[in-house]
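Student: Here is what each chain is made of, one letter per residue.
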Amino acid sequence: MPESTALRVNGAQVTVTTEPRTSLARVLREQLRLTSVKLACERGECGACTVLIDGAPRMSCITPARLVRRDVVTAEGLGEEAHDLQAAFADHGAFQCGFCTSGQLVHAAAILREELPAGVELEPFVRQRLSGNICRCTGYNGLVDAVCAVAEERR
Amino acid sequence: MSIGDRIRPIDWRERSRGTVDYAADLAAPAHLHAAVLRSPHPYARLLELDVGRAERMPGVRAVLTHRDFPPDALYVHRGGPLSDRPPLARDVVRNVGQEIVAVAADTREQAEAACRAVRVRYRPLRAPLTIAAALAPGARALHVRTTGERNVAVRWTADWGDVAAGRAAAVHTVEGSFVYPSVSHAVMEPNTTLAAWDAEREVLELWTSTQSPWFIVKEVAHLLGLSREQVICREVAVGGGFGAKSKISEHEVLAAALARKAGTPVLLALTREEEFAANKPRHRFETHLRTSADADGRLRLFEADIRVDNGAYNHMGSSVMRVGVITLGSMYRPDGVSFDARLVDTATQAGGQFRGYGTPQVSLAVESQVDELAERLGIDPIELRLRNLGAEWTTTLCGYEVTTNRLGACLEAVRDGLDWNGRRADRTPGRGLGVAVGMHGSGAYAYEFANRADAAVDVYENGGVRVRFGGADAGTGQRTILAQVAAHELGVDPADVDVLSMDGEQTPFDLGAWSSRGTHMTGSSVGQAARELAEKLKDLAREKLGPGDVVLAGGHAVRGEGSVSLGDLVRLSPDSRDGVLSHETSYVLEGTEMLTPDRDTANLSPTYAFAAHGAEVQVDRRTGKVTVLDYVAAHDVGQAINPTLVEGQITGGAAMGIGAALGEEIVREGGRVVNSAYVNYALPRSADLPRIRPVIVGGSDPAGPYGAKSVGEMSIIPPGAAIVNAIYDAVGVRIRELPATPDKILAALAEQEGRVRRFGLWRRPDRWWVALVRWAYPRGLHHVLHRWGTGFGPGVGPRPDEADAAVPAEELVVADTVSAATAALAAGGVVVGGGTDVLTEARLHPSRPSRLVSVAELTELRVLRWRDDGGVEIGAAVTLAELATELAASAPAVAAAVRTIASPQIRNAATVGGNLVQEKRCWFFRNGFPCYKRNGATSPCYALLGDHRFQHAAVGAHRCQAVTPSDLATVLLAYDAEVVIAGTAGRRTVSLADFYTGPGETVLGPTDVVVRLCVPAAALRRRGAFEKLALYTGDFSTASVALTAAIDDEGGWTDVRLVLGAVAPTPWRLTTVERAVDGTVPRVAELRRLVDAELDRHGHPLPGNVWKLDAVAGLAETAAERLLTTEGVLR
Ligand code: FES
Ligand code: FES
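Protein chains in written order, with my numbering: chain Z, 1 to 155; chain S, 10001 to 11131.
Please note: incorrect hints may appear among the correct ones.
Partial chain S-side listing against chain Z, Cβ under 10 Å, derived [what the hints assert, rightly or not]:
hint: 1; residue: G10648
hint: 2; residue: G10652
hint: 3; residue: G10835
hint: 4; residue: D10837
By construction, these hints were calculated from the structure, which means they are not laboratory data. Just so we're clear, the structure is a prediction, and the values are computed from it rather than from any experiment. Just so you know, even glycine gets a beta-carbon here, dropped at the ideal spot from N, CA and C.
With the rest of the complex left out, here is chain Z:
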């Protein structure tokens, strides 16, 4: 049965209509027109639909919207936090077609909020963390370089 569901998205309180199996991604795209949330597999396997829920990156395509209780942030909602990252993406060739990019940006923003664990090198850490976000265009060099560059700058 369709129901009203309250969500907090990009800082705003919204009410959407959901079925039990409506995904968060569909709600964001179709009802809230937040189309930075891309659907490339709808199976939780590629990362194109990555959003932050309570700050943690999640695959919104397989997340039942009704089970979301915390703040949702999409690429549109990253605001200034993403500015230097976007510029680094552009300078390092981190995107080509751009279809995976908003998911990468969201995930990268979350990575940059974290402390680098002790004894871990930055580049392999970033490569591991971004492994849930497929990019078929770039070969990942640019993405990894951009995230590392911003991490160094912000330090």
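Since chain Z is already given, all that's left is putting chain S with the ligands on it; use the hints.
Tutor: Leaving out everything else, chain S with the ligands in the frame of chain Z:
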């Protein structure tokens, strides 16, 4: 000056934020959504097609069948007798996935339901599924072909040069058969079209994911009986092409016809499964090659027999085959080339255009054999290639008129970049270096008008500039390149240049971005348009500033001290319209030639690009896993117009080529694609690749625009051979069939080392029945079960008649106590934990329970608690990410195991309980096969005859060959974990060892809920290690090992647990080995011997997964080593 600058992509802000619109983003709520009914059979006659019920389904607005097209409607494709594909199947289907009916409805779900309500009756025909089967005597023909040979669509044979001289000069000859399989583009944006029909104007508008709108317009107009002027593509962002979107697919015409029929705009977006299983992948090439050289290492002769898998229809197979074959006569300068090539029809999805277009396939063979000859001759592989380079400004055997050629410099760059000589002199075991070279044109003269491109440039009164071109940029950065070109000619900042592409009303003629022609053709046309416009502007400026030299710079025309802005010049010009001065021009390329039926050599391209790639790999002799440690890709691109974009093309293509070398392939069973999901498709994730190091060797080609040559396709050509050559250098195993997956390498190493396993089945009566069934499968049992047995089962997916039956109202219960959860389950329903599987399962197998019971918010299940005795209780709804953090210090092996599971995003959602109870991952079971476990006892297990190399059991399987996929189960079993279960009758505790009853099957009853896991303190005091072999970062285990032991000060082991994952139906403890090493200070070799003995005693592998026993034994060695040497944490 902006040529050669690292300009940011022109729309970088929007594109990086995700706010540019791709076709699916434009769908409005009022638009319709389409779905396609596809053939489930590889080859069948259609006896009946009735869409009556589908038309009456709720929400349905239009249903399309072949009757909506003229009876002889075919795609044009290559034209003439090669046209063979109808837009929708008429009386016969020739591949699983062929389009039969298309439906537009208010929602995608309604359209899919209507597809299921279509009644189709098929008479299956014997289907030739492989090249060998199609060419076998007695094979059934798929089409009537003009070659006169059954299932041969095109045959091309020729001798080039002096074959006899080559033969006479040959001193060393190597010969072998190479396979480059069918691989998927796996573009991130699925192919998508939004179509709108304006009935009043009789105009069709399309927003479609394409690299070349011209071809879309041509085919759509042709099939819908419209003029080309009536079909208008509009600009839209395109999410990756790589060839997949360079010609028509099927969604464009279907969306267009549905929109016209329904009178409402229609969105047709392929699902990821359709993208893998029904779109057009790379053509599989089977290349038998003989290469001969003389004693000095000069290549003298190539002789090839090439068979290309066309799939069920001619798409671009004929030209892909030609371009592939041309490789033999392009790069080197042998005396002669002799070939016999056949394009073979098989009842599989048609092959299509894919970056490299046949060249990577043939290059694999050529470049492997050049290495084989180098070894034979005792010459360094780079040196041998340098000796055989073609010269600049010469004509090759295949008719290419090469201009500049800096391949020598590329090879030197690889030699320096990899420290080739140093590393080859100083060998590390298991490491090896490989090199391969390649060549590719810059736009082939493959069609009429392919040598022409038009472009327009506008200057506005505000000084802004706009480029208009009719091609499309699927992500290569072509729009940015064109902005740079226009900026360069007009003396403005590239940031002030706007680019409009692919608009049928506003952009001039251009065949689009394929065959690496974007920069050459459109770069030339835009350059010419901007140059001619610049002259006009200068003339205008002279009127104002006086005669003499005028330069355009900084948005102004400057003459000496005087200057006038471009905007003012626009105002001055009598040719300006509405404040815009426009100039359109046509660039025609001279000197290139087409291949025609009566000539088999031609100068297809204006310039040719070259590259040399070098790889350093590490081969794990224990598992067969190849890791690329270093990769240098040196390219002769002439002048790089934007080095950042060029490097992006190099690294992206190299990554894709490495993927194909090491993991990617489309796997089919009975003609149906088995691995139609990213999870089953081993394309590289970021941690799977090293930093790829692009090198642009510099140069400038007089025949290219601004000195530029192509790059987009070049980069995917050398990786295949570079990697297999490096593998050979590392371990002496020559892989001739890609991908070089661990199974092939480990099997070859076993042969090399003379290792054979004997399982002594004759003395194991408990396996006799299984052995008998396995014997009977290929002898008819599989066929009977598949053809007739499956009919007795309920089928896979929703019932056709369920489509319009009242679907029970769905319900999502969020339980707040455990007893509420069990009570809710008692009324029917399934548990949802992290919810990572439930939506996918519902979409693919929507025989849905109507009630979902979420337990993720149960406070009791969310707790992770340390007991006073040092043990730990882990709530079932604790996420994997939380678990990894909590146990990082106390049980690092568990944390390490968890970090190998899926992706960070999944680990943030997936729960411990959900991971343990997840269903098997067998790709037949998951991806739509009506197997025994899905469809009941009369159905076959598809893994027995299908591809079972990676995720099926090699020990102890019965009718189902699947394994328990949970790595957590494997590792926690080594920590003596217990599971607390709540049911309607109360709580009980079972040891994890007793928890599993079969592959991904547990003791849980329908109303049971996992509450928590308990790990005793004693286990946490032991040292642990977890080792896993997976095909890519985050994949499910192909094999895994968890090992724990209490180790005393002298190094003695007690309390040992050794658990093998993914080799038996359930995690398997090797208690015999545990006992044998208990109380000893074990040596790695001894442990391996014990493990091997157990594997031989219990193993009952399938033909394709014997190697897994070696792999898992190898992992056990590595795990033991970790326990003995370090604190036992995986990297
Ligand atoms: S679309 Fe969500 S993970 Fe691929
Ligand atoms: S930029 Fe195209 S998939 Fe990443």
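Student: Compare the structure with each hint and give your call.
Tutor: A quick look at each hint next to the structure:
1. Hint on S:G10648 holds. Least Cβ distance to chain Z is approximately 4 Å, under the 10 Å limit.
2. For S:G10652, the interface hint holds, the least distance from its beta-carbon to any beta-carbon of chain Z being 5 Å, beneath 10 Å.
3. With a least beta-carbon distance of about 5 Å to chain Z, the hint placing S:G10835 at the interface is held under the 10 Å criterion.
4. This hint holds: S:D10837 has a C-beta 8 Å from the nearest C-beta of chain Z, less than the 10 Å allowed.
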